[in-house]
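A.B. asks: From first to last, the protein sequence lines stand for chains R and E.
Under UniProt numbering, the residue at position 168 of the first sequence is numbered 168, and the numbers go up by one with no gaps.
Under UniProt numbering, the residue at position 29 of the second sequence is numbered 29, and the numbers go up by one with no gaps.
Rather than coming from a laboratory, the hints here were simulated on the basis of the structure.
Source: prediction; values computed, not measured.
Beta carbons: idealized from backbone N, C-alpha and C, even for Gly.
Hints may contain errors.
[As the list claims (entries may be wrong)] Calculated Cβ distances over 10 Å to all of chain R for the following chain E residues:
| hint | residue |
| --- | --- |
| 1 | 13 |
| 2 | 64 |
| 3 | 91 |
[Said to hold, decoys possible] List of simulated lysine-lysine pairs, DSS-like, C-alpha gap at most 27 Å:
| hint | chain 1 | residue 1 | chain 2 | residue 2 |
| --- | --- | --- | --- | --- |
| 4 | R | 248 | E | 75 |
| 5 | R | 346 | E | 75 |
| 6 | R | 351 | R | 42 |
| 7 | R | 371 | R | 346 |
| 8 | R | 250 | R | 302 |
| 9 | R | 250 | R | 235 |
| 10 | R | 250 | E | 75 |
| 11 | R | 302 | R | 155 |
| 12 | R | 155 | R | 253 |
| 13 | R | 326 | R | 351 |
| 14 | E | 75 | R | 235 |
| 15 | R | 302 | R | 351 |
| 16 | R | 155 | E | 75 |
| 17 | R | 371 | E | 75 |
| 18 | R | 351 | R | 371 |
| 19 | R | 93 | R | 42 |
| 20 | R | 235 | R | 155 |
| 21 | R | 253 | R | 302 |
| 22 | R | 302 | R | 326 |
| 23 | R | 253 | R | 235 |
| 24 | E | 75 | R | 253 |
| 25 | R | 155 | E | 43 |
| 26 | R | 248 | R | 235 |
| 27 | R | 248 | R | 155 |
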Amino acid sequence: MSLPPLVEPASELTNDEVRRYSRHLIIPDVGMDGQKRLKNAKVLVIGAGGLGSPALLYLAAAGVGTIGIAEFDEVDESNLQRQVIHGQSDVGKPKAQSAKESIAETNPYVNVVVHGERLDNDNVLQIFEGYDLIVDGTDNFATRYMVNDAAYFLKIPYVWGSIYRFDGQASVFAPTLVDDAPCYRCLYPEPPPPGMVPSCAEGGVLGVLCASIGSIQVNEAIKLLTGIGDPLVGKLMIYDALEMEYRKLKVRKDPSCALCGDNPTVTGLIDYDTFCGAISEEAADAAADSTISVVQLEHMLKEREEGTRDFVLVDVREPNEYEINKIPGAVLIPKGDFLNGTALEKLPHDKQIVMHCKTGVRSAETLAIVKGAGYADAVHVGGGVVAWVNQIDPSQPSY
Amino acid sequence: MSVSVRIPTILRTYTGGESEVSADGATLADVIDDLEANFSGIKARILDDQGAIRRFVNVYVGNDDVRFLENLETKTPEGTQVSVIPAVAGGSS
């Protein structure tokens, strides 16, 4: 089922533009009409990271006339494994600025609008207003639900994509464009509890997966803008890079959807951080008065060496993370072993338990489990091994 | 009835890294019980404490979301493909 084009055609293409876009113009389905529509299109890309990098480059190359970039972060060296819009000399630079410069090099006819502030309830509607289409490439559930709701209230369709390790998902949410089309909340009514689903920063992502899913998002964007083909509305594309398999599944509009259902309960923007939670309530309670700093830990380790104190330092990360860097004297027991209970058998009862992870999120979760098992004096290390490397031992690599 | 179950990356720690496993059962509920018998712990990742499918996990029998079929009572005929699709949010950082 094709949809009417989202965008009216621009009045004309210049001779330079005709030369540049000739490979589009000679495809009958796109042609002069489709290319003029792309020229007139205003597309907002949220995140200039993994998904945003290929999405921005291909949207720009395709000749989308106005591209907005919503991104507040700066380029870090660990981004370059997959965020191909940025280069070595961009490290430390705002990502939105770096992306803008790359786009200018790819296609100088694109008008780039930078939205360098973090999206929140106060600015999201204002930033979205005026765009024909949104491409969502953020990295957390809170922003994803906010994007979904804001796009719905402003009646802007959006192309959604999500990645983790070797798995990708993509869909088009256009509940205000097509009767019976679902929104993101129809697909996933609620986010997972904090700590249950790792982020890419914790779990990793195959770099090229960003291109696999980001290019699907651009493909759908071009179809929607120009009104060609059968868009991914009401369908979920699942990609498994290890099996090299794409599967398309149906996504239905949920009549009980809190946003677009028959009796909506979400009628304005909500508190998305509370809805999604940064860490679980149990973890927050456990960590409240049981968090130590890396400086305190260094002191404790010295005392342990001198024989004036004893405790067990447990690293709850995964083995591949432990290979990258470690706090000396830490024993590796991954978080999963705490969830299935086997870790508790390995912990002595007569010593204090000190836990750490990469940044302190996972260790807060395991702290709640360990405290629940009776280790009342257990603590965890705020900031984790990242803080250790930054503040105590800069000779080790960080990630 | 033997069905094949697609396991997402995030749950492969339970299946020893296998992306597709076979399970027996006439309904989805039976299939999930059979999965649990072979891969201890996986059921709790799909179902909540009350035994309902978690709101951030979708289970498909064939190409259809079982929430729009008969949920856990959805029939799983011989050779059906069952897919577990959890919400993931990665994309940027």
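A.B. asks: Indicate, hint by hint, whether the structure satisfies it.
C.D. replies: Here's how the hints hold up against the structure:
1. 13: violated (6 Å)
2. 64: Violated, because the least Cβ-Cβ distance between residue 64 of chain E and chain R comes to about 6 Å, which does not exceed 10 Å.
3. 91: Non-interface label on residue 91 of chain E violated, nearest chain R Cβ at 4 Å vs cutoff 10 Å.
4. R:248 with E:75: holds (21 Å)
5. R:346 with E:75: Violated. Residue 346 of chain R to residue 75 of chain E sits at ~43 Å, over the 27 Å cutoff.
6. R:351 with R:42: violated (61 Å)
7. R:371 with R:346: This hinted pair holds, its Cα atoms lying about 15 Å apart.
8. R:250 with R:302: violated (58 Å)
9. R:250 with R:235: This hinted pair holds, its Cα atoms lying about 5 Å apart.
10. R:250 with E:75: holds (18 Å)
11. R:302 with R:155: violated (60 Å)
12. R:155 with R:253: Holds, at about 16 Å.
13. R:326 with R:351: holds (21 Å)
14. E:75 with R:235: holds (22 Å)
15. R:302 with R:351: At roughly 16 Å apart (the allowed maximum being 27 Å), residue 351 of chain R and residue 302 of chain R satisfy the hint.
16. R:155 with E:75: With Cα atoms ~38 Å apart, residue 155 of chain R and residue 75 of chain E exceed 27 Å; violated.
17. R:371 with E:75: violated (42 Å)
18. R:351 with R:371: holds (13 Å)
19. R:93 with R:42: holds (25 Å)
20. R:235 with R:155: holds (19 Å)
21. R:253 with R:302: violated (59 Å)
22. R:302 with R:326: holds (16 Å)
23. R:253 with R:235: holds (11 Å)
24. E:75 with R:253: Answer holds: residue 75 of chain E to residue 253 of chain R is near 22 Å, not above 27 Å.
25. R:155 with E:43: Since the Cα atoms of residue 155 of chain R and residue 43 of chain E sit roughly 38 Å apart, the hinted pair is violated (cutoff 27 Å).
26. R:248 with R:235: Holds, because 6 Å separates the two Cα atoms, which is no more than 27 Å.
27. R:248 with R:155: holds (25 Å)
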